[in-house]
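Sequences are here, hints too, so could you generate the full structure?
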Amino acid sequence: MISTDIAIIGAGPVGLFAIFEAGLLKMRCHLIDYLPQVGGQLSEIYPKKPIYDIPGYPTVLAQELIDNLVEQAKPFHPGYTLGERIEGLEKRGEADFVLTTNMGTIIEAKVVVIAGGLGCFEPRKPAVAGLEQFENGRGVNYMILDPEKYRGQKMVIAGGGDSALDWTIFLADVVSELTLVHRSESFRGAPDSVNKVMELAESGKINLVLNSNLNSVSGEGKLESVEVIHNRTMETTSYEADHLIPLFGLSPKLGPIEQWNLNISKSAIEVNTDDYSTNIPGIYAIGDINTYTNKLKLILCGFHEAALMSHSAYQYMNPGIKYTMKYTTVNGVTEF
Amino acid sequence: MSDINIVVEDREGNTTELVAPTDMGLSLMEFLKACEYDVLATCGGMALCATCCVDVMEGEEKLNEMSDDEYAMLDTLPDLLPNSRLACQLQLSPVMNGLKVRLHAMD
Numbered sequence: 228m229i230s231t232d233i234a235i236i237g238a239g240p241v242g243l244f245a246i247f248e249a250g251l252l253k254m255r256c257h258l259i260d261y262l263p264q265v266g267g268q269l270s271e272i273y274p275k276k277p278i279y280d281i282p283g284y285p286t287v288l289a290q291e292l293i294d295n296l297v298e299q300a301k302p303f304h305p306g307y308t309l310g311e312r313i314e315g316l317e318k319r320g321e322a323d324f325v326l327t328t329n330m331g332t333i334i335e336a337k338v339v340v341i342a343g344g345l346g347c348f349e350p351r352k353p354a355v356a357g358l359e360q361f362e363n364g365r366g367v368n369y370m371i372l373d374p375e376k377y378r379g380q381k382m383v384i385a386g387g388g389d390s391a392l393d394w395t396i397f398l399a400d401v402v403s404e405l406t407l408v409h410r411s412e413s414f415r416g417a418p419d420s421v422n423k424v425m426e427l428a429e430s431g432k433i434n435l436v437l438n439s440n441l442n443s444v445s446g447e448g449k450l451e452s453v454e455v456i457h458n459r460t461m462e463t464t465s466y467e468a469d470h471l472i473p474l475f476g477l478s479p480k481l482g483p484i485e486q487w488n489l490n491i492s493k494s495a496i497e498v499n500t501d502d503y504s505t506n507i508p509g510i511y512a513i514g515d516i517n518t519y520t521n522k523l524k525l526i527l528c529g530f531h532e533a534a535l536m537s538h539s540a541y542q543y544m545n546p547g548i549k550y551t552m553k554y555t556t557v558n559g560v561t562e563f
Numbered sequence: 326m327s328d329i330n331i332v333v334e335d336r337e338g339n340t341t342e343l344v345a346p347t348d349m350g351l352s353l354m355e356f357l358k359a360c361e362y363d364v365l366a367t368c369g370g371m372a373l374c375a376t377c378c379v380d381v382m383e384g385e386e387k388l389n390e391m392s393d394d395e396y397a398m399l400d401t402l403p404d405l406l407p408n409s410r411l412a413c414q415l416q417l418s419p420v421m422n423g424l425k426v427r428l429h430a431m432d
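One line per chain: the protein sequences are R and S, in this order.
For what it's worth, our numbering labels the leading residue of the first sequence as 228, then goes sequentially.
For what it's worth, our numbering labels the leading residue of the second sequence as 326, then goes sequentially.
Read the hints as simulated data drawn from the structure, not as lab findings.
Each statement offered as a hint is correct.
Taking lysine-lysine pairs in the DSBU-like style, the calculated list, with each CA pair at most 30 Å apart, reads:
| # | chain 1 | residue 1 | chain 2 | residue 2 |
| --- | --- | --- | --- | --- |
| 1 | S | K358 | R | K524 |
| 2 | R | K275 | R | K524 |
| 3 | S | K358 | R | K352 |
| 4 | R | K275 | R | K480 |
| 5 | S | K425 | R | K480 |
| 6 | R | K522 | S | K358 |
| 7 | R | K524 | R | K493 |
| 8 | R | K480 | S | K358 |
| 9 | R | K524 | R | K480 |
| 10 | S | K387 | S | K425 |
| 11 | R | K352 | R | K432 |
| 12 | S | K425 | S | K358 |
| 13 | R | K524 | R | K352 |
| 14 | R | K276 | R | K524 |
| 15 | S | K425 | R | K493 |
| 16 | R | K480 | R | K493 |
| 17 | S | K358 | R | K275 |
| 18 | R | K276 | S | K358 |
| 19 | R | K253 | R | K553 |
| 20 | R | K493 | S | K358 |
| 21 | R | K524 | S | K425 |
| 22 | S | K425 | R | K352 |
| 23 | R | K381 | R | K423 |
| 24 | R | K352 | R | K480 |
| 25 | R | K301 | R | K253 |
| 26 | R | K352 | R | K493 |
| 27 | R | K522 | R | K276 |
| 28 | S | K425 | R | K522 |
| 29 | S | K358 | S | K387 |
| 30 | R | K376 | R | K423 |
| 31 | R | K318 | R | K522 |
| 32 | R | K480 | R | K276 |
| 33 | R | K318 | R | K480 |
In structure tokens:
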């Protein structure tokens, strides 16, 4: 079990800066992120984009900012659990929280800071009635982890992005029958991938169903067929299918955080702007994941929130002890 | 002309005609948020989340062409309509006077 002062959910820029602010107050941090690397949205989505509104940097690349924040946090030796998502949060005793990840990692912390940015990115699901009854091993999956699982079986893939194209190409030789359903009559994916899919269709290795959408799914206990409707003619066609893989990209969601009894408004966590605390004592929310009057979703605002949160967390962990703030120009950065 | 009229239909079917400035560099997403419509725009306007998607009911021909980034994002939506656009990619301009949009259903 990992034990720390502050468990920070989310290793984006605001979470990383919180390590520094907490470190100045001699509090240890452990960060958890579903992504396999730190940096959050900046590293994952736009690492090469310049950012212009970080004080002291006329311009800085997103990844460069992350690298610098990691360097700035180093004196305080943070712990990281990456590639895992926090699933459970349990209050234990007066001041401690126990967090559990989807991989079974347990983290005990005196304070929890949610710095989850946009939240978790979850698969976008098509509005097909009854789809959920075939989830969880009964035929409908939103990502492919082990292609061998599908060997020799009948599959329908829905979607027109690169994922749908790539998996169609890969699985054409693995499954016994593959149908690719796409809403449009053309693809905007990588031209090479589009050509390969067209060749597979022309050679009869896959069924390519264009201008069509998923209409319904059916089966007894497990998926047996997928019905597709043509956009213009409204004709429906049914395909036998052991598996349906809708690949419609990802959508930001709060995920398990929604179940923690926090006050939530429009997919963001309500906080007290005195210290960015939530309605649950000991839990804070900073950065893009929180909301309050006149909230600005800017990295620099998240940095400010991290500083105020740290001082409040110190008081929460050390009730009755008065902390006198000192400037780093006076104290420097004293490592643990 | 610096102000234009835009008709917005929310997800409940309520229609409102709004006056929008074109000299402030606002995108349609920013304008909708300023008017307190339920538009998340979680990515902040980078065409990455599709939570500002609108369906253009009238005036589609007045809009700027779709960029590859916008198309790629829209193309991942399971319920995309032929007239769907990302509001964050539509900068308000005088030619958009009379535009009518409907907030796209949220997943």
